[in-house]
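Protein chains in written order, with the numbering used here: chain A, 360 to 621; chain B, 17 to 331.
Hint data in this document are derived by calculation from the structure and do not stem from the laboratory.
Some clues are possibly wrong.
Calculated from the model, a selection of chain B residues having no Cβ within reach of chain A, i.e. all distances over 10 Å [unchecked claim]:
no., residue
1, A125
2, T233
3, P254
4, A261
5, V298
Restricting the straight-line Cα-Cα distance to at most 30 Å, the calculated cross-link-like pairs of lysine-lysine (DSSO-like) are [stated by the list, open to error]:
no., chain 1, residue 1, chain 2, residue 2
6, B, K300, B, K252
7, A, K459, B, K168
8, B, K154, B, K129
9, B, K195, B, K252
10, A, K459, B, K154
11, A, K611, B, K168
12, B, K168, B, K126
13, B, K168, B, K154
14, B, K129, B, K195
Note that the Cβ used here is the ideal one computed from N, Cα and C, for glycine as well.
Here is how the chains run, residue by residue.
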Amino acid sequence: MNLSGCAALVRKELTIYFATPIFYIMGFFFLLLSGYFFYTNLVYYSMLSIQIAQQAAQNPQLQAQLNAQEMVFRPLFQVLAVVLLLVVPLLTMRLLAEEKRSGTAELLFTYPLTDWSVILGKFLSALTVYVVLLAFTAIYAIATGFLTSVDWGALLTSYLGMILLGGSLLSLGLFASSLTENQIIAAVMGFSLLLLLWIIGLAQMLGTGPWAKVFQAVSIMDHYDNFTRGVIDTRDLVYHVSFIFFFLFLTKRILESRRWRA
Amino acid sequence: METMIEVQDLTKYYGATCAVHRLNFEVAAGEIVGFLGPNGAGKTTTLKIMAGYLPPTSGMVRINGYDCVAQSLEVRSSLGYLPENVAIYPDLTVTQFLRFAARAKGVEAKAEKAEIDRVMADCGLEEVRNTLTASLSKGFRQRLGLAQALLKLPPLLILDEPTIGLDPSQIVEIRQLIKDLAGDHTVMLSTHILPEVSQICQRVIIINRGQIVASDTVENLSRQVGRGDRILMLVKGPEDQVAAALRTAPGVAQVSGQGEGKFLVETGNGLDLRPQLARLVVEKGWDLLELKSQEFTLEEVFLDLVTEEEPEEES
């Protein structure tokens, strides 16, 4: 793999991301939604804290369970995971589809770059943009830190979960973008696949027996939930890393196919 | 001499449509070869296969000793490619785009600036270095396409219509630039501008309907295609009598009067009738003002080869 070529591609993609309005529009709505959910969670938490503090003498256990991670950040990160279903296809739809539609693929694929350099360059640039968006939400944590005690370990674990979940969804979005020349089709396909993954997670709640176990094992949200609790489970790490690799690998196969589809 | 391009039995189908059929040719290192053919002849397809962008349906293409399919990366490292329609990322400036192209082609970080400055100077891009490529005129976009192909000075340049959209002075500069590359670099260029081929290329490959119809130097092709020599004469005398006298001269195949005393005399294969014709005119008492041999132009060669092919294909 050509590392300097991959780095050049990341730089090019980031320049394009930050030069186009989609990043700013999407960033605005992402932060608007996350800000709204953070604010409502925080207000609810503070109201509850006051109420419980008044009844502290009667129910000391309840007061012990009440903390910012469980009441503010865990619900926030759970909602943000759903917001990602909308955000990710917008971030990834352009990546490969636009190269093919505009004809720039003809230059890109005649440069001495391996398919892995191209795919990793594209993936890492989308991941960087996503992490930049996510970094803005750190303001909520810092603000909360001034008001009440924050479990920073659990919070950082939640962010690790968000990055892994984002990486997984972005790899799937990139795969969708490799299938078509049309950005809209890439976005719709990406969104549909992400929705399907989310629904699989819900389906396991409806039944019992072996299928429920299978659904649970493949459900992406199930493998995200532990992180929001502040728990790092090796199974979840392996799941997300495998998920990312699997979809990047599928994307590579799609890119390769142009060489044998003679 | 070392072979830079080796094409053997190259065939390419798009679905059921055959774009290139069993193409065979070789290009030696350091040669400048013009690739000609009417629209839809298969030129661009062949160049795309050579550049490693399209796979062939069958056959083999070797560039610099590497196979285009099995050793695609080595092939792509050996060439600079200017596509027919230069598409460039509209959100990047000229410098940003060239920086990306340079790094993607493996130009070292410390050599990057000098390399970009060199190609910008060669292609006249300095004045637009900070302009977004979306705002470039067609001519500048074409120059930028050429500039990225010239980065790192690859041993082989594949240029699909390099001077299209350029202004006349820029065309002259770019043609000179391509000529200067000969010797150290191999250039394969396709174009519709036939005088360009005569001026730049040492050899011409003409394809029609996916097959090679001629491959030789422009001079040799002119000789082969001409059914004989052509002689242009300027004679002061009664035009109908002059024409009749020339027609009766032995070895003359055809005479066409072009007005104002000009006659175009076509002769049989390999015959130089200039001395006999000069004597004939003088003996008749007319004044011979001009007498010169005229070669067939590349346009005529091209039209001759391409139109000759069609009845054969149909039969």
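Against the structure, the hints:
| no. | hint | result |
| --- | --- | --- |
| 1 | A125 | violated (8 Å) |
| 2 | T233 | holds (29 Å) |
| 3 | P254 | holds (62 Å) |
| 4 | A261 | holds (60 Å) |
| 5 | V298 | holds (63 Å) |
| 6 | B:K300 <-> B:K252 | holds (11 Å) |
| 7 | A:K459 <-> B:K168 | holds (25 Å) |
| 8 | B:K154 <-> B:K129 | holds (25 Å) |
| 9 | B:K195 <-> B:K252 | violated (43 Å) |
| 10 | A:K459 <-> B:K154 | holds (20 Å) |
| 11 | A:K611 <-> B:K168 | holds (27 Å) |
| 12 | B:K168 <-> B:K126 | holds (13 Å) |
| 13 | B:K168 <-> B:K154 | holds (24 Å) |
| 14 | B:K129 <-> B:K195 | holds (25 Å) |
In this structure, the hints that do not hold are numbers 1 and 9, in rising order.
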